[in-house]
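Novice: Sequence:
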Amino acid sequence: MHDMFQPAGLIAYWRPVSGVRHGLLPVEPPYPGQERETLCGATVTIVKTTAIDWLSPTCTACWDEARARRDAAAREAGAQ
17 MHDMFQPAGL
27 IAYWRPVSGV
37 RHGLLPVEPP
47 YPGQERETLC
57 GATVTIVKTT
67 AIDWLSPTCT
77 ACWDEARARR
87 DAAAREAGAQ
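In this text, residue positions in the sequence shown follow the working numbering: the first is 17, and each later residue adds one.
Hints in this document: simulated from the structure, not taken from any laboratory. What you are looking at is a predicted structure, and each value in this text was computed from that prediction instead of being measured. Among the hints, a few may not be true.
Label pairs and their in silico Cβ distance ranges [stated by the list, open to error]:
no. : residue 1 : residue 2 : range
1   : LEU26     : GLY49     : 17 to 25 Å
2   : ALA88     : ALA58     : 15 to 23 Å
3   : PRO45     : PRO73     : 18 to 26 Å
4   : ALA93     : PRO48     : 12 to 20 Å
5   : GLU51     : ALA84     : 20 to 28 Å
6   : GLY25     : ALA77     : 32 to 40 Å
All residues carry an ideal CB built from backbone N, CA and C; glycine is no exception.
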């Protein structure tokens, strides 16, 4: 499994919206119809996805923020 999910736990839920996969805060799983804030700061409405939607490019700003959060959590875990 990718280290983004280890050992610090879930960093983000990823959902395709309007042709881009955005990272969402992992406070609760996203469901169609919800309005959620992304890691890049955009507000999106979660939609029902198709298999093709998952081929959309990843939002670079969300990816960078997810990596920063992962790295910060790893540093914090290592300091304990």
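Novice: Are there hints from earlier that the structure breaks, and if so, what are their numbers?
Specialist: When the structure is compared with the hints, numbers 4 and 6 turn out to be violated.
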